[in-house]
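Enquirer: So this note's numbering is basically just the index in the sequence shown, starting at one, shifted up by 52.
Relax, there's no trap hidden among the hints.
Taking lysine-lysine pairs in the BS3-like style, the calculated list, with each CA pair at most 30 Å apart, reads:
no., residue 1, residue 2
1, Lys-99, Lys-269
2, Lys-275, Lys-192
3, Lys-231, Lys-216
4, Lys-275, Lys-100
5, Lys-273, Lys-99
6, Lys-122, Lys-237
7, Lys-100, Lys-269
8, Lys-122, Lys-231
9, Lys-275, Lys-99
10, Lys-273, Lys-192
11, Lys-121, Lys-237
12, Lys-121, Lys-231
13, Lys-122, Lys-216
14, Lys-216, Lys-237
15, Lys-192, Lys-269
16, Lys-121, Lys-216
Label-pair ranges, simulated between beta-carbon atoms:
no., residue 1, residue 2, range
17, Pro-209, Leu-250, 37 to 47 Å
18, Val-180, Arg-245, 16 to 26 Å
19, Gly-212, Asn-59, 26 to 36 Å
20, Arg-191, Asp-254, 22 to 32 Å
21, Glu-151, Asp-119, 30 to 40 Å
22, Ala-105, Arg-245, 16 to 26 Å
23, Pro-209, Leu-270, 36 to 46 Å
24, Glu-72, Glu-112, 17 to 27 Å
25, Arg-245, Glu-223, 23 to 33 Å
26, Thr-64, Leu-250, 20 to 30 Å
27, Glu-72, Glu-261, 28 to 38 Å
28, Arg-191, Met-249, 19 to 29 Å
29, Leu-270, Ala-219, 40 to 50 Å
Simulated from the structure, these hints should not be mistaken for lab results.
Don't be surprised by glycine CBs; every beta carbon is placed ideally from N, CA and C.
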Amino acid sequence: MALRELNEHPETIFTVITGEGRFFSSGADVKATAGKAEVQHPHPAAKKIDFMASISTPIELLRSMIDHKKVLVLALNGPAIGGGAAWFEGIADIVLAAENSYLQVPFSALGLVPEFGSSTAFAHSIGVHRANDFLMFGRKLTAQELESWGMVNRILPNNGFHDKVVAFLNEQLEVNDGKSMMEMKRLQNLPLRRDRMLAVYDASEALAERFVDDAPKLRFKAKNELLACKYLGSSSLMLVYQSAES
Numbered sequence: 053m054a055l056r057e058l059n060e061h062p063e064t065i066f067t068v069i070t071g072e073g074r075f076f077s078s079g080a081d082v083k084a085t086a087g088k089a090e091v092q093h094p095h096p097a098a099k100k101i102d103f104m105a106s107i108s109t110p111i112e113l114l115r116s117m118i119d120h121k122k123v124l125v126l127a128l129n130g131p132a133i134g135g136g137a138a139w140f141e142g143i144a145d146i147v148l149a150a151e152n153s154y155l156q157v158p159f160s161a162l163g164l165v166p167e168f169g170s171s172t173a174f175a176h177s178i179g180v181h182r183a184n185d186f187l188m189f190g191r192k193l194t195a196q197e198l199e200s201w202g203m204v205n206r207i208l209p210n211n212g213f214h215d216k217v218v219a220f221l222n223e224q225l226e227v228n229d230g231k232s233m234m235e236m237k238r239l240q241n242l243p244l245r246r247d248r249m250l251a252v253y254d255a256s257e258a259l260a261e262r263f264v265d266d267a268p269k270l271r272f273k274a275k276n277e278l279l280a281c282k283y284l285g286s287s288s289l290m291l292v293y294q295s296a297e298s
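Work out the full structure: start from the sequences and follow the hints.
Expert: Right under this line is the structure:
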């Protein structure tokens with residue numbers, strides 16, 4: 053993985069995680085998830101073990117981020133939906149956001165739980181009640197709100213966002229010693245490491261239980277059916293409009 057390689061690169065001070073296009077992340081594909089062929093398991097324990105195996109990659113990703121030696125910069129180039137709105141913000145060392153960026157997660161609406169330690173990470177960063185509003189009720193959090201609450205360090209213009217991120221970090225390297233910044237990060241994160249990893253594993257276990265109960269499958273199916281109805285309704289309206297014009 054790139055994080056592992058960058059971790060050992062002697063000249064790297066900042067590791068930047070960002071997206072391309074208008075969105076930082078767009079969330080789960082509801083249609084694809086709802087349409088997955090169901091695997092039959094002999095008992096609930098086998099179903100849980102199978103699910104836990106399927107999320108080993110994101111667990112390792114979070115561990116790599118938590119243990120990363122370099123200053124970890126999250127650059128939100130646009131709106132973040134789903135996992136991308138929850139996994140990284142609370143464990144990044146610096147968060148830079150484009151003016152139009154926001155965070156939103158539909159965990160409860162889809163029968164899920166806040167994934168990979170995000171519940172504790174957000175509670176520590178913006179407070180329990182704000183975190184509950186975001187993670188439990190799916191409230192959209194704007195970059196401006198997150199900056200005022202201390203989760204976002206800087207808001208940068210949408211146009212040329214990535215170039216402005218690079219310019220900002222280069223300014224820091226001109227003024228500040230890279231090894232000192234990395235050592236400050238190490239000292240700050242050292243006592244947090246165990247709790248962060250425990251939160252990742254606790255959330256993974258809770259998420260697995262939700263899948264054992266089939267709650268997400270039923271929610272994804274209902275959501276997919278709702279989207280299909282909306283699409284058919286839009287098509288019908290379009291046909292009526294075209295008929296009236298002809």
